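Please build the complex by placing chain S on the supplied structure of chain D, with the hints as guidance.
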Amino acid sequence: MPTSEQFRALFEPRGVVVAGASSHPGKFGFVSLHNLLAAGYAGKVFATNLNGEEILGVQTVPSILDLPEGEVDLAFVCTPAATNAQLLRDCAARGIRAAFLTSAGYGEAGEEGKRAETELVALAEELGILVAGPNGQGVVSTPVDLCAQIVAPNPPPGRIGVASQSGNFVSSFMNLGVQTGIGFSRGVSAGNAAMVNVADYLEFYGDDDATAVGLAYVEGLTDGRAFLERLRRVAERKPVVLLKGGATSGGQRAAASHTGSLATDDRVFDGACRQAGVTRAATVEEAFEAAATFATQPLPKGNRVVVLTTAGGWGVVTADALARTSLELVELPEDLLAQIDTKLPPRWSRNNPVDLAGGETRDTIPEVMEMVASHPDVDAVIYLGLGIQSNQAKLMRNGRFYPDHGLERIVEYHERQDRRFAEAAAEISDRTGKPILTATELATADPDNPGPAAVRASGRLCYPSSNRAVTALDHMWRYARYRARRDLA
Amino acid sequence: MPDSTTLSETESKRLLAAHGVPVADERLAPDADAAAQAAEEIGFPVVVKLNGDGIAHKTERGLVRLGLADAAAVRAASTELLAKATPEDGEVQLLVAPMVRGSRELIAGLAEDPQFGMTVMLGVGGVLAEAIGDVVLRLVPITATDAEDMIDELATQRLLGEFRGEPAVDREALVAVLLGLSAAAEADGRIVSADLNPLIVADGRPVAVDALVEVTA
Numbered sequence: 001m002p003t004s005e006q007f008r009a010l011f012e013p014r015g016v017v018v019a020g021a022s023s024h025p026g027k028f029g030f031v032s033l034h035n036l037l038a039a040g041y042a043g044k045v046f047a048t049n050l051n052g053e054e055i056l057g058v059q060t061v062p063s064i065l066d067l068p069e070g071e072v073d074l075a076f077v078c079t080p081a082a083t084n085a086q087l088l089r090d091c092a093a094r095g096i097r098a099a100f101l102t103s104a105g106y107g108e109a110g111e112e113g114k115r116a117e118t119e120l121v122a123l124a125e126e127l128g129i130l131v132a133g134p135n136g137q138g139v140v141s142t143p144v145d146l147c148a149q150i151v152a153p154n155p156p157p158g159r160i161g162v163a164s165q166s167g168n169f170v171s172s173f174m175n176l177g178v179q180t181g182i183g184f185s186r187g188v189s190a191g192n193a194a195m196v197n198v199a200d201y202l203e204f205y206g207d208d209d210a211t212a213v214g215l216a217y218v219e220g221l222t223d224g225r226a227f228l229e230r231l232r233r234v235a236e237r238k239p240v241v242l243l244k245g246g247a248t249s250g251g252q253r254a255a256a257s258h259t260g261s262l263a264t265d266d267r268v269f270d271g272a273c274r275q276a277g278v279t280r281a282a283t284v285e286e287a288f289e290a291a292a293t294f295a296t297q298p299l300p301k302g303n304r305v306v307v308l309t310t311a312g313g314w315g316v317v318t319a320d321a322l323a324r325t326s327l328e329l330v331e332l333p334e335d336l337l338a339q340i341d342t343k344l345p346p347r348w349s350r351n352n353p354v355d356l357a358g359g360e361t362r363d364t365i366p367e368v369m370e371m372v373a374s375h376p377d378v379d380a381v382i383y384l385g386l387g388i389q390s391n392q393a394k395l396m397r398n399g400r401f402y403p404d405h406g407l408e409r410i411v412e413y414h415e416r417q418d419r420r421f422a423e424a425a426a427e428i429s430d431r432t433g434k435p436i437l438t439a440t441e442l443a444t445a446d447p448d449n450p451g452p453a454a455v456r457a458s459g460r461l462c463y464p465s466s467n468r469a470v471t472a473l474d475h476m477w478r479y480a481r482y483r484a485r486r487d488l489a
Numbered sequence: 001m002p003d004s005t006t007l008s009e010t011e012s013k014r015l016l017a018a019h020g021v022p023v024a025d026e027r028l029a030p031d032a033d034a035a036a037q038a039a040e041e042i043g044f045p046v047v048v049k050l051n052g053d054g055i056a057h058k059t060e061r062g063l064v065r066l067g068l069a070d071a072a073a074v075r076a077a078s079t080e081l082l083a084k085a086t087p088e089d090g091e092v093q094l095l096v097a098p099m100v101r102g103s104r105e106l107i108a109g110l111a112e113d114p115q116f117g118m119t120v121m122l123g124v125g126g127v128l129a130e131a132i133g134d135v136v137l138r139l140v141p142i143t144a145t146d147a148e149d150m151i152d153e154l155a156t157q158r159l160l161g162e163f164r165g166e167p168a169v170d171r172e173a174l175v176a177v178l179l180g181l182s183a184a185a186e187a188d189g190r191i192v193s194a195d196l197n198p199l200i201v202a203d204g205r206p207v208a209v210d211a212l213v214e215v216t217a
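These protein sequence lines map, in sequence, to chains D and S.
Going by my numbering, the first sequence opens with residue 1, and the numbers climb by one from there.
Going by my numbering, the second sequence opens with residue 1, and the numbers climb by one from there.
Here chain D stands alone, though its shape is the one from the complex:
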């Protein structure tokens, strides 16, 4: 297990050296230097290259030993495996405490590679250097604008910490972060995880103040019980979301008992996650959205949900989705009904989902949302229908009658209203300490619609469908209940 000082060298280095920098824009040694510089990394950037060329404005030096002492904490290594042992010794001599190895030719490359990897780890341990990878894609750390990776994107800053056995899943999660505006604190591709594995990174995230939720992708686990026991201790501190590839072996078991045949791999893994308080997601989007929800919404204190909608059908479908979860579509208490009656014409649903049925005036949505979220019998709100007005406004704005016939004024009014509603959802959620999830297909169908755009600007996720909001909220409630039942404050 690496020390916290070594993790600091990896995630918050004072300076970074790209070892094996290249002037060829197709090579890892160029791409990583490019990404590091382009992301505006706060610390000093150095690079080594046998020819001592200038690359991207950085004067390279032939050897790590040519670097100043004590100014570099992290080496980003793009050199061939055969030269890495000497490289690590040079790093140690210059006080470098962490190295990210993109180099292939280790554990993934047969018996000889495995031996090389074992030797590499032994050497790194002897030298006191954390080796991340090898055969990984890189490391990202937004608090210091570090984007040391051979792939895109550079994610927005935020509070999700990612660790993955597959580098491409780091990219997948971060692409969703770019799309939704929900950002990351740290991200790392564990590569072969020769010295540092996914559980190690998650344990670091557990102690890391910049990280509010851990998100991980794993495939093969050599010791599932020990892995989940470690994640259980992290989940005691903050939520952990797990996506697992290769969930089922499908192998039929010779079992004398019914229990044996019912205890499939996937069910056992599912149960082990639940027992550890780990949120298991079935898909990439579900994993990202669960993590994004943990990172941006308060934990619910109960499972009583009110659906607030401007149209009936959406509410019905959302109620159906809720019925398949641990959440409860709460019966509206009398005093809340009476309160809402004062704001709406008699045709409103008088039921949960609260269907405003087009009866709203200028201030109805924020006012009813406030009443619902403030009620002690309500633990969470799902809000549907944001962006409808702006959607019509867009049609008007792009039509041939604009801006005459009063269109300019009404378009501005519609757009202002949707922004207001999105801001109200975030503000009321902050004030009441209850999750308010806004869902509309416009989040992806027309992300520039002022409604979803304002949700993003508020730092929250605009869910692309109500069932995805329900799934995310269900994950939150299960975690909250896990904590409450175990007296975890």
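There could be a bad hint or two in this list.
Stated by the list, open to error - Partner residues are not named here, just some residues of chain S that face chain D (Cβ under 7 Å, in silico):
1. A111
2. G123
3. I132
4. D134
5. T145
6. S193
Stated by the list, open to error - Computed list of chain D residues with no C-beta within reach of chain S, every gap over 10 Å:
7. Q86
8. L176
9. D265
10. G271
11. S326
12. E370
To be verified - Lysine to aspartate or glutamate pairs mimicking EDC-like chemistry, simulated, CA-CA at most 20 Å apart:
13. K343/D - E328/D
14. K301/D - E153/S
15. K301/D - E41/S
16. K301/D - E148/S
17. K44/D - D90/D
Derived from the structure by calculation, the hints contain no laboratory data.
Values in this document were obtained by computation on a predicted structure and should not be read as measured data.
Glycine included, C-beta positions come from ideal geometry on N, C-alpha and C.
Showing chain S alone in chain D's frame:
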């Protein structure tokens, strides 16, 4: 997995009961007359089954006689069952137990996972559990809170509340079953698997009317 062998129903129940799993009151009888005598003591109606170390799947082999209302019926059933015994069954006896009635059946058990080791299971549907597939698992050992979570995670929650005039399932008793299974697995390393199937909910209380424990040979 190492070679394993199954215990008789009575041995299985005795082993699990020692760790706190509640089982129905029942008697072993060597012959039809003794079975009838045991049935008188328990009170009618009763169930009579053929019991033996080598007998794993009684229902499939027709070795269970349900709802026997008087001594004559018990005698007749006992004679038939003894005649069905095969040499592979080993030494056999008759197991006489009260007829437990309930319209809900659960299943609970233990199973060894190659990756995670011993697990505790709870499911809906008793002998139909495989078809229904509403099953939750945890790794041994479990806490009472884990057991509570398992009950809450069954998809068929309606079955756990009041049902067809029967009271809601006694959650504490169900927690005790799961904790007992976990304790048995923790304490006895020979256990490879265990089935409480069906676990009939009678007046809200889960009662294991059959048990099968598999141990390393």
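We went through each hint and held it up to the structure:
Of the supplied interface hints, the one on A111/S holds, with its beta-carbon coming within about 4 Å of a beta-carbon of chain D, less than 7 Å. Interface hint at G123/S: satisfied, since its Cβ lies 6 Å from the closest Cβ of chain D, which is below the 7 Å cut-off. Evaluation of the I132/S hint against chain D yields a violated restraint, the C-beta minimum of about 10 Å exceeding 7 Å. Using the Cβ-Cβ criterion of 7 Å, the hint placing D134/S at the interface with chain D is not satisfied: the shortest such distance is roughly 10 Å.
Residue-level restraint check for T145/S holds (minimum Cβ-Cβ distance to chain D is 5 Å; threshold 7 Å). Annotation: interface hint on S193/S holds; nearest CB of chain D at approximately 4 Å, less than 7 Å. No Cβ of chain S approaches the Cβ of Q86/D within 10 Å, the least distance being about 39 Å, so the stated non-interface status holds. Look at L176/D: its CB is around 28 Å from the nearest CB on chain S, clear of 10 Å, so calling it non-interface holds up.
A beta-carbon of chain S comes within 10 Å of the beta-carbon of D265/D; the shortest separation is about 7 Å. At roughly 4 Å, the least C-beta separation between G271/D and chain S is not larger than 10 Å, which violates its mark as non-interface. Residue placement check: S326/D does not keep its beta carbon more than 10 Å from all beta carbons of chain S (closest about 7 Å). Distance to chain S confirms E370/D as a non-interface residue, since its nearest Cβ pair spans about 32 Å, more than 10 Å.
Pair hint K343/D plus E328/D does not hold up; C-alpha atoms about 25 Å apart against a cutoff of 20 Å. Annotation: proposed proximity of K301/D to E153/S holds, straight-line Cα distance about 18 Å (limit 20 Å). A threshold of 20 Å between alpha carbons decides the hint, and for K301/D with E41/S the separation of about 53 Å lies outside it, so the pair is violated. Our distance criterion of 20 Å between C-alpha atoms is met by K301/D and E148/S, whose separation comes to about 18 Å.
With a C-alpha separation of about 18 Å, the suggested pairing of K44/D with D90/D holds against the 20 Å cut-off.
Hints 3, 4, 9, 10, 11, 13, 15 from the list above are not met by this structure, while the remaining hints are.
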